[in-house]
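Colleague: Letter by letter, the chains look like this.
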Amino acid sequence: MQFDLSLILSGKYHDWLLSGLGVSLALTGITLLLALPLAIAIALCRLAPIKPLNWLALAYVETIRNIPLLAHLLFWYFGAPELLPDNIKEWLYSGNIEAISAVAGLTFYTAAYMSEDIRSGIRGIPVQQIEAARAIGFGFMATMRLVILPQALRITIPPLISQTLNLWKNTSIATVIGVAELMYQAQKVETDSFRSTEAFAFATASYLGVSLVITLLAALYHHRYPVRNV
Amino acid sequence: MRIRLSHLTIALILGASVASAAHADQLSDIKKKGELVCGVLGTDEPNSFVDPKTREIVGYEVDLCNDIAQKIGVKPVLKQIAVAARIPELQQGRVDILTASLTHNKEREGLIDFSLSTFITGQRVLVKKSSGITDVAQLAGKKVLTVKGGTQEPNLKRAVPTADVVTYETTVQAFLGLQQGKGVGYVDDEASLLNNYAKLGAAQKDYLVLPQSLSTEALAIGIRKGEPEIKTLVDGVLRDLEKSGDAQKLFVKWYGPNSNLKFQTRTFKIDSDKIEG
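Protein chains in written order, with the numbering used here: chain A, 228 to 457; chain B, 68 to 344.
What the hints contain is simulated information worked out from the structure, not anything from laboratory work. Everything numeric in this text was worked out from a predicted model, so none of it was measured. Possibly wrong hints are sitting among the right ones.
When the alpha-carbon atoms are kept at most 25 Å apart in a straight line, the in silico BS3-like pairs for lysine-lysine are as follows [unchecked claim]: (1) Lys316/A <-> Lys209/B; (2) Lys239/A <-> Lys209/B; (3) Lys196/B <-> Lys316/A; (4) Lys239/A <-> Lys146/B; (5) Lys98/B <-> Lys138/B; (6) Lys316/A <-> Lys195/B; (7) Lys316/A <-> Lys138/B; (8) Lys195/B <-> Lys239/A.
Here chain B stands alone, though its shape is the one from the complex (with noise of 0.2 Å):
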């Protein structure tokens, strides 16, 4: 059976996410108000988080936000928001883009349209060694924890279907409850579990990254459907970044072996918008 409703009853449906609004024109949008807000997670080093020593967001993904902002030539706003509001947030245009660690897949491309991919990675898991995992298949009926709304959970259902999922709502308390004891296994994208794993210090030796990858994700920016006037200006953006060297330069600042991440060597270039389906 399938209903169609009117536009009434969808405003009275709390949380709704509601089909984009009709701009006319986006871009001449943010000229006009003169700013460009990006949507970021604040919770995630090192695409976004809070400088302890500053107070302020900083992160991969703020620079590439900056960036855009400077081509535009209006002031970039940051407005922090969950990972599970971030499609509806843009879509009902209460942030321009999407600085979000947003993973570029299939299923969202029917939502939002997105820019040149930014970050290529993939999710791992993290487990103590006293549970004596060593394999991702290892996890099957055993009580596994990650972030509420973003492609952790599929990805990890898809990998091993009888695997326990809890969510919360930041990553941070997911790695929290491993190390607490609360599940066997930490599922997140590579960066953020890479970053995490690090901040262990010496507790490192009792714990171990599996070696499989979950998936492989593209991250990207996420722009509103139906604006190609922003996708290829942010595009361009992310071009000239690439051209001029200061993607890599971004990437060592935030990925790279000074980094609290430490990735030895930058795999990928920002030249596709294209994923593997």
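Extracted from the complex, chain A is given alone in its bound form (with noise of 0.2 Å):
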């Protein structure tokens, strides 16, 4: 069979190949969005002077990144929904409950990665730097927020980029839970016409093109703000 490009580059396949990768950077876009607050906020739990939350901080990541990311997303697709009421599981369904349990899995497993990256950041920062903030009479609160977590988040930021990338390639696994994503759409290609070569060659090129856009974001960043020794 030759493999045939004008396929993927116009046409009806293309145009739901496209639309999967349109699916694709949303999800990624909008996990990162609602993952990074949740992230600094457990990341904070975990250090907070309060041991009760320290707890449940570390039962929430430990959970979250023992379970694989496919039953995460089932989980939040076909079992979470179901114990909501009824009015409100209606209201759900009759939207797009698809992205919004991909969004949900997906945000609560990148965060869980994202927290323990921005925990190293905070505790790579010298004690004696909070110590100052707490003898000056800053809480912990305005300690964080004011002294480390502006030196924290700069060097966290190549390993959150690292996660991103993970983020990125883990919407893949949406498609089991029918969003219409890149593999969604590869897959459908693949059964309508049976060119199973040119619709994954799309896929394939697809995540490593975005996948590459992100490492070089890294890379740009580490060179215009190398990590400083504090």
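Taking the hints as your guide, dock the two standalone chains into a single complex.
Modeller: See the structure below:
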């Protein structure tokens, strides 16, 4: 069978694949926006001077990280919404429940990993800075917000970009809950045309291309803002 | 623009369906390794599914696989595969034949060969009565659930072009989605659909199998292209089953009134590998 490039450069299949790429990018973007603040909150909970909060955050991170993402997504799609009251459930189901479940699953999953990176970043700041801030009268939150986090986030950016790379690839798993992202559309093209090579070549090139762009951003960032010795 | 790619490039592309490997003679290969590998779904009662008591994969197509292996004089081995992986698995030689609820259609004839049709069925739609839908045409603009990689989605799109189709990895998930209210309809092969409908028990009163079929489907055993010896052998086994009356018995065992599917009569014979075009 010949490789027919025109199939993925124009026409119906091209449109399907392109819409899949758009959905994958949107999933990544929305999840990133939601996961980052959640990850910071979890990292702070793990370091806060309140024991029950530490345990809660630890339990969250370990539970999420030790269950495969596939199971997470199936749970957020087939399991979790069923626990809601009927009227909320019906309202959810009348909308795009596939995408909502995928964003929920990906956000909780990604935030667990990101929170660990942010926690390492915070621990990378010498403890004397915390002591100094506390000594001049800052509380825990003020110390974090004004002294520690601005420095910690800066050294955390490279691992966070690497988590974004993982997130971008992880969106492909949303195909199992019927989200019309890139892998879903590639499989649909395959089913419709039997042109597996072309469909997955497009998907492969897209994942690789976007991943390389993210990696490039990481390299640029590292060049522009090298980690300072603190 | 058409580009012919080198073998190297093709090998680099993950998940690509590579043209069938050039085996000299598949039948002697099967005899040499002493086993016939049948690709089955294992999730599609009654064709191939896990028996809850024995935890083994059994079914109509499993029995056919066993009969074919017996005829060759080798051990049958079942390999569970996903709906969308069926044809690539066969082409790449990871299974010897496909007994995997495989629809015989014109588009697939270019890729693989088919045995005599082993089952003739249609595809149907199950809806909740509360949706008020009584006719296939009313699915327009509505969310309809089915499985990935099969003929269900293309057939539904042909019947109702504006339906919003959502697909999952298994038919069971699509059926679960309907029960949970994630779509108004669930499309599947008649046999699987009626089987799932039967499992609803008392809740059946809330559901409706739409009267129209989306299509007529012939299921057949998938055989790699260019293996006439296998096709002759498989067709021979199927013809013998029909002649001896065993095919009728198999139908009654898996599809008949005492099975979960409760088909009252068998409306087809295993005698043709031609399909309507």
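Colleague: If a hint holds in the structure, say so; if it doesn't, say that too.
Modeller: Do the hints match the structure? See the list:
no.	hint	in the structure
1	Lys316/A <-> Lys209/B	holds, 18 Å
2	Lys239/A <-> Lys209/B	holds, 22 Å
3	Lys196/B <-> Lys316/A	holds, 19 Å
4	Lys239/A <-> Lys146/B	violated, 35 Å
5	Lys98/B <-> Lys138/B	holds, 11 Å
6	Lys316/A <-> Lys195/B	holds, 16 Å
7	Lys316/A <-> Lys138/B	violated, 54 Å
8	Lys195/B <-> Lys239/A	violated, 32 Å
Of the numbered hints listed earlier, those contradicted by the structure are 4, 7, 8.
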